[in-house]
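Asker: Residue-level listing of the chains:
Number of protein chains: 2
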Amino acid sequence: MADLSRFAVNQMTTRSFTLRQAVEAYARHGIGGIGVWTQYLEDMTGAEAARLIRDAGLFVPCLCTTAWVNLRDPSALAAALDENRRRIDLAAEIGAACLVVVPGGLATGEKDLPAARARVGDALRALLPQAEAAGIKLGLEPLHPMYAAERSCLSTFAQCLALVEELGPGSGLVPDLYHCWWDPDFPAGLRQAGPDKILTFHLCDWLTPTRDVYQDRGMVGDGVIDIAFYRGLLDEIGFDGPFEIEIFSKLDWWLRDPEEVTRISVARCAPFVGPRIAQAAGL
Amino acid sequence: MADLSRFAVNQMTTRSFTLRQAVEAYARHGIGGIGVWTQYLEDMTGAEAARLIRDAGLFVPCLCTTAWVNLRDPSALAAALDENRRRIDLAAEIGAACLVVVPGGLATGEKDLPAARARVGDALRALLPQAEAAGIKLGLEPLHPMYAAERSCLSTFAQCLALVEELGPGSGLVPDLYHCWWDPDFPAGLRQAGPDKILTFHLCDWLTPTRDVYQDRGMVGDGVIDIAFYRGLLDEIGFDGPFEIEIFSKLDWWLRDPEEVTRISVARCAPFVGPRIAQAAGL
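Each protein sequence line maps, in turn, to chains A and B. Just so we're aligned: the first sequence equals residues 0 to 282 in numbering that gives the first Met the number 0. Just so we're aligned: the second sequence equals residues 0 to 282 in numbering that gives the first Met the number 0.
There's no promise every hint is true.
Unchecked claim - Taking lysine to aspartate or glutamate pairs in the EDC-like style, the calculated list, with each CA pair at most 16 Å apart, reads:
#1 B:LYS110 x B:GLU165
#2 A:LYS110 x B:ASP221
#3 B:LYS196 x B:GLU165
#4 B:LYS110 x A:ASP221
#5 A:LYS249 x A:ASP215
#6 A:LYS196 x A:ASP234
#7 B:LYS249 x A:ASP211
#8 A:LYS249 x B:ASP211
Because the hints were derived from the structure by calculation, they are not lab data.
Make a model of the complete structure from these sequences and hints.
Answerer: This is the structure we're talking about:
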């Protein structure tokens, strides 16, 4: 049986599982970790979730996600920052390594993308003390440019790396192949970042055709992304953190039995998520 | 009436017009130019199309597009290069300033994006002598990263600018706001390129939500792109070439009467396409 100690499944991949069901299924399949989303914590306390996950022996690469902070209204922004401070504490409570930052795109009616990006920097600087106090890193995830207007104005790895270099060790990067695979500068960016700034590495695939802008992401192996290349590069730079599958798929995988999705996720990812560099280099 | 001497409509915007209908309508609306697509030339010779366009007093910023060259099979590639040499000559015959390069994404079954990009460079080098002989520039258009797998592996302005700097004056850039607006490096890239390498500047808008990956582009003014900012930047660097509206919209604009689309295109673009820098600076 494959060593899945570095492998995590992000809950969104098995969307219809409750947290309890996901934890049970992932552990039973020998999966090492679970990427958690806040909405699955609504019917239990952080302490209860932490116990459930810890008792199953799973690690938590991340809690997803921040509430959007890309707001121009000062009172709405203050409320969003407060909500994010609560989520930072929740991440700490469940033993997550980071809180994934998805800050929103443009504000309503806004066309000034550089201003939106500057506001995101301000918001992250405002959240940093709480994150540092809680021992939770702010995990900046570059989102695909097709989400720049509505979900995240953090669009490239280089842009996020520059922010992380400014914010310091209370922050890090959450690269996702789905969002970054097209970027001619992505490989060099990973090398420049080095292993310590990469908090968890998301696996996904790009389907041709892509039938939906938001939720038609592909199961690992079903698309065009050269995942073996990236595993090799990450080994080369000495990355030893988590590999985490995350799939948004309203047209396919979310319609299937999540037990089947878990099984297939393991089978598809096993060649790419083993613990040893030598093993990966032999791919 | 607005001075539309620098303004062109790309035929794809009024998709159901024949070339003859488009030329007549654009000229009647005082539009300066027409961006032509090869499929509209199928029922006439290049000489006939040239006469039709010239008699209406329109300029031709571009012929769209190259046949895809991102092919691994040598004989298929040779045939595609021959077809593109024919299109280069056709572009010269109708008086176009450039042939827009859309080279394809990955080859069938391919996952090696850097190799695909290298092949595109090779193909352009192979076409350059014919383009130079015909006085036609190869117009490299960065396409949105969401098209990297299937339509064009030329995904960023910086990537295209590097290629143009290597290929020299037989090539140039066709920036399109729809494809580049999200790119944190786009403004600096335009400055670095300078006015002479920009062959024609495409106007479009990004809708929220975007309902279709390929063909839900927005009419100028209906989306989130800061078009006035880019007009100001282009004035600042001394660009005095064409502004060309190009909209792919199977969900809206292609369903409307193309006469109405022409009228609205003029009304929406007029504030951004005037000839004088002072006028634009006052926006």
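Asker: Evaluate each hint against the coordinates.
Answerer: The hints, checked one at a time:
no.	hint	result
1	B:LYS110 x B:GLU165	violated, 25 Å
2	A:LYS110 x B:ASP221	holds, 11 Å
3	B:LYS196 x B:GLU165	holds, 12 Å
4	B:LYS110 x A:ASP221	holds, 11 Å
5	A:LYS249 x A:ASP215	holds, 6 Å
6	A:LYS196 x A:ASP234	holds, 14 Å
7	B:LYS249 x A:ASP211	holds, 15 Å
8	A:LYS249 x B:ASP211	holds, 15 Å
Checked against the numbered hints given earlier, the structure breaks only hint 1 and satisfies all the rest.
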